[in-house]
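**Student:** Now for the letters of each chain:
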Amino acid sequence: GQNIDQPTEMTATEGAIVQINCTYQTSGFNGLFWYQQHAGEAPTFLSYNVLDGLEEKGRFSSFLSRSKGYSYLLLKELQMKDSASYLCAVGWNDYKLSFGAGTTVTVRA
Amino acid sequence: ETGVTQSPTHLIKTRGQQVTLRCSSQSGHNTVSWYQQALGQGPQFIFQYYREEENGRGNFPPRFSGLQFPNYSSELNVNALELDDSALYLCASSLEPGLAPLPYEQYFGPGTRLTVT
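As given, the protein sequences belong to chains A and B, one line each in that order. Residue 41 in the numbering used here is what sits at position 41 of the first sequence, and the numbering runs on without skipping anything. Residue 81 in the numbering used here is what sits at position 81 of the second sequence, and the numbering runs on without skipping anything.
No lab work stands behind these hints: they were computed from the structure. No residue lacks a Cβ here, since even glycine has one placed at the ideal position from N, Cα and C. Warning: the hint list may mix true and false statements.
[To be verified] Partial pick of chain B residues on the chain A-facing surface, computed with a CB cut under 10 Å:
no., residue
1, G40
2, P43
3, Q44
4, G58
5, F60
6, F64
7, S65
8, F69
9, L90
10, Q106
11, Y107
12, G109
13, R113
14, V116
15, T117
Taking the hints into account, I'd like the entire structure generated from these sequences.
**Tutor:** Right, dumping it as structure tokens:
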């Protein structure tokens, strides 16, 4: 199966930190991606994890635990422009991608 | 470097009609994947084309079909349109499947918004 679960919505204030969790079924797993999608626009690549641990990229970090089928995306020093949908996507051994439904993050002043 | 482009931007069709959506991949990419994204949902994989051949298919009926051309551009065809086909259709291009370090890094086009009435 390819069930990918992430929260539907999260709200935070400017300057704060938000953590978006993602769980997935581990069979056939071959990498985890996070994408950002602003309303009416295409998804844009944020991060990729294939090994356990934390990958840091400026204000964004992504963590992976393969044994637990768990990842999170950490957004620090939130800015208004970070208001968007964040998509967790799993890559499988057949090189295909499956996306979660997305988490809508709203940043308030 | 030219990004992924799609045409048309918006399209309105009636139930039962057929539609063709087009995608030009990013320069240097020979793999194209198509996704359907319903409102409030994540993209759902339709199929992937690699070197002009279908390289995997998601859970979509045969009335969804595609083509890839020698210049790696691609088409998505949908026959006998249904109301539930209304969605944003995304095309994404990537390097050859399995190429390190980011085999799956896909670059998305802006999408075609299809409305079926």
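**Student:** Could you run down the list of hints and mark each one as holding or not?
**Tutor:** So, going through the hints one by one against the coordinates:
Against a cut-off of 10 Å between C-beta atoms, the interface hint on B:G40 holds, since the closest Cβ of chain A lies about 7 Å away. Proximity of B:P43 to chain A holds as hinted, the smallest CB-CB distance being about 5 Å (cut-off 10 Å). Taking 10 Å as the C-beta contact cut-off toward chain A, the hint placing B:Q44 at the interface holds, the least distance being around 7 Å. Proximity of B:G58 to chain A holds as hinted, the smallest CB-CB distance being about 8 Å (cut-off 10 Å).
Restraint check, B:F60 versus chain A: the minimum CB separation of about 13 Å is more than 10 Å; hint violated. Here the hint on B:F64 is broken, as its CB sits about 15 Å from the closest CB of chain A, past 10 Å. Annotation: B:S65 was flagged as interfacial toward chain A, and the flag is violated, the nearest CB pair being 18 Å apart, outside 10 Å. For B:F69, the suggested interface contact is broken, since its CB lies about 21 Å from the closest CB of chain A, more than 10 Å.
Restraint check, B:L90 versus chain A: the minimum CB separation of about 6 Å is within 10 Å; hint holds. For the restraint placing B:Q106 at the interface with chain A, the shortest Cβ-Cβ distance is roughly 7 Å, inside the 10 Å limit, so the hint holds. Hint on B:Y107 holds. Least Cβ distance to chain A is approximately 7 Å, under the 10 Å limit. With its C-beta approaching chain A no nearer than about 6 Å, B:G109 sits inside the 10 Å limit, and its interface hint holds.
Look at B:R113: its Cβ gets to within about 9 Å of chain A, closer than 10 Å, so that hint holds up. Because the smallest distance between the Cβ of B:V116 and any Cβ of chain A comes to about 19 Å, over 10 Å, the interface hint for this residue is violated. Look at B:T117: its Cβ only gets to about 20 Å from chain A, farther than 10 Å, so that hint breaks.
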